[in-house]
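Chemist: Chains U and E, in that order, give the protein sequences.
Quick note: the first sequence uses this note's numbering, first residue 12, plus one each step.
Quick note: the second sequence uses this note's numbering, first residue 1427, plus one each step.
No wet-lab data here; the hints were simulated from the structure.
Hints are not guaranteed to be accurate.
What follows is a list of derived Cβ distance ranges for each label pair [unchecked claim]:
| # | chain 1 | residue 1 | chain 2 | residue 2 | range |
| --- | --- | --- | --- | --- | --- |
| 1 | U | Asp213 | E | Pro1654 | 20 to 26 Å |
| 2 | E | Asn1499 | U | Pro31 | 40 to 46 Å |
| 3 | E | His1591 | U | Asn77 | 38 to 44 Å |
| 4 | U | Arg215 | E | Glu1624 | 21 to 27 Å |
| 5 | U | Ala65 | E | Lys1626 | 38 to 44 Å |
| 6 | U | Glu227 | E | Asn1499 | 42 to 48 Å |
| 7 | E | Ser1602 | U | Glu15 | 47 to 53 Å |
| 8 | E | Asn1473 | U | Ser182 | 53 to 59 Å |
Glycine included, C-beta positions come from ideal geometry on N, C-alpha and C.
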Amino acid sequence: MNSEITEILAPVNALDEVTPLMEAGAHWLYGGVLPSEWADRFPSTVLLNQRTFASAQFPSLAQLGNAVKRAREHGGAFALTLNAPFYMDEQMPLVLELARWAVDAGVEALIVADPGLIVSLRDKGVELPLHLSTMGIAANAHSVKFYADQGITRIILPRFLSLAQIAILTSAIPSIEYEAFILVGKCPHIEGLCTFVHDSPDRRWPCEWEWDLTDEAGDRAPVNISGHFSGIRENDRRDGCGLCALPALKAAGVSIFKVVGRGAPMLRKLQLVGHLNKLLKEMPAEPDKAWIMTCKDSYRELYGHLCSEHNCYYPEVYSGDQGPKG
Amino acid sequence: MSLKRSNYLHLQGSDPIPEGFDGFRIGSESCSQLLPSVEKIRVMSENRDPSSLSLVTPVAGPDEVGDVLDAVNTAVSHGWGEVVVNDWGVLDEVGVLEGIGITAGRLLMRFRRGPGKFDLSEELGDELDLSTRRYFAWGPLYDSPFLAFLKGNGIDRIELDPPRHWFPLPDLDGFSFSLHHGTRLISVSGACPWLYDEEKGAWKPLVNCERSCAGTDIVMTNPSLKGPLMLKGRAILERVDLDMIELQLPDSVDRVIYDRIPCEESDKISR
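Work the whole structure out from these sequences, hints included.
Modeler: Structure follows, in structure tokens:
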């Protein structure tokens, strides 16, 4: 669906965040909830959606319902996260019940990943647009077509795709909506293939731990390997950014730009959405040095330090000749 | 009558092909750069019984999927016995092929293997309730609509990744199973660690890959974990030593996958 539309999708986990986020420029909001029937039965690492800590979820269905209503009153839209990689048969009735609740509450779309859920929603007549989570991994035109055949209307592009790869993919199947990550949460792994369990109270996941690295003989690992891992650890994944690439993504047909951060403080979310909204309004059709410098200034303002390739969603722009690094 | 489980060895790089295995796997579940060339597939077909050969295919980017499908078509035309699929787009093309077994690779299955800091620690294993044990052992195998979906897309075999806390396999009709004997898959890196340029603080493009990962596994240790993880190419794995007799596997698990040659012939499992 290559169009002139550009919309911001922002994370939300409380009712009082809705109005400020929409006033800051978000059109889409996304969030999740753990109904008590689920939370009482399963530990937080058994996923209903891709967040394992309570502060990332709406505290109740009632508050989520009010948030959806408020978003609609502002002319916005809400996408509910049901994006666990799979649901067991004993869980599926609860998930379908939540999906039916979402229809009644006015939710505009479900973010999904489990093909079993996608089929079940269709079979049970739950008619909501379905957005494919990165957990579903549509990394090539064949997989986009595959999911589109199942009823997916929007693809959230996997983080590991380069700008060139995104352009190939979107041009092959332009009839679908594409959403790309822009701010926060630069996961170093392919999210849909990663099974590290996010259960550390300090929210430092295993992917960013300090590792002792050796070869099998016990000798130090090659310098590039240790550099890769120490770079991940030293450059906070929360500081992820793809601002410089906005013009290229838009030209490729990406129309929705995603800010990560369910569970983050509201002021932080507002700051991120505000910057992104301002830059979307200012962005040129073709990126030039002035644009790159504007984005790098924005990065420094948002994160308090220079940007790094470790935190860069689309390093082709970062490392190109369109401006100095950092 | 006792079941003879077939033993498949995943060949690494240009290793010489040893005797004593029922089948061989080539390719990679996690990296398109390790896909065998069409020429290599042809050569292997001439030197081995092609029905004993499996092509393992990775998750593929938009510029890589064509090569994957070329490799698959070559393997099919040369009578290979199995294609292991880890990408939905590849499955969309391959699932309709006849005359070759289509297997859901462990990346397509997405078993939850961890580790995390607490919930999956060895100490907690016995304390997890039944539902949670099922979830972390074989969760996707309890997702009936998903299994029906796989079946409808041509899958007749499923790869099993050994769980952290063993739990009996559910009874499932209509599928055969291959069990990875030596490793469980933990994660796959977005950017290739082997292509990291320490001096520039950046990753080289994938086209610069010289397969420098071949033959070298990196051991990753952290005090929070009981045992090490292992970086193999772009994949992070955990070594697993299974006591196959103790597992009491059902007959539907009729194939065992070795990621490296067992030290002793007796390490291989026939029952």
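Chemist: Hint by hint, say whether it matches the structure.
Modeler: Hints, verified against the model:
Checked against the hint of 20 to 26 Å, the pair aspartate 213 (chain U) and proline 1654 (chain E) passes, with Cβ atoms roughly 22 Å apart. The hint said 40 to 46 Å for the Cβ distance between asparagine 1499 (chain E) and proline 31 (chain U), and at roughly 54 Å that hint is violated. At about 41 Å, the beta-carbon gap between histidine 1591 (chain E) and asparagine 77 (chain U) stays in the expected band of 38 to 44 Å. A hinted range of 21 to 27 Å for the beta carbons of arginine 215 (chain U) and glutamate 1624 (chain E) is consistent with their spacing of about 23 Å.
Between alanine 65 (chain U) and lysine 1626 (chain E), the C-beta spacing of about 41 Å keeps the proposed range 38 to 44 Å intact. A beta carbon spacing of about 36 Å between glutamate 227 (chain U) and asparagine 1499 (chain E) contradicts the range 42 to 48 Å that was offered as a hint. Between serine 1602 (chain E) and glutamate 15 (chain U) the beta carbon distance is about 51 Å. The supplied range of 47 to 53 Å therefore holds. Between asparagine 1473 (chain E) and serine 182 (chain U) the C-beta distance comes to about 41 Å, which lies outside the given range of 53 to 59 Å.
Hint compliance for this structure: hints 2, 6 and 8 are broken, all remaining hints hold.
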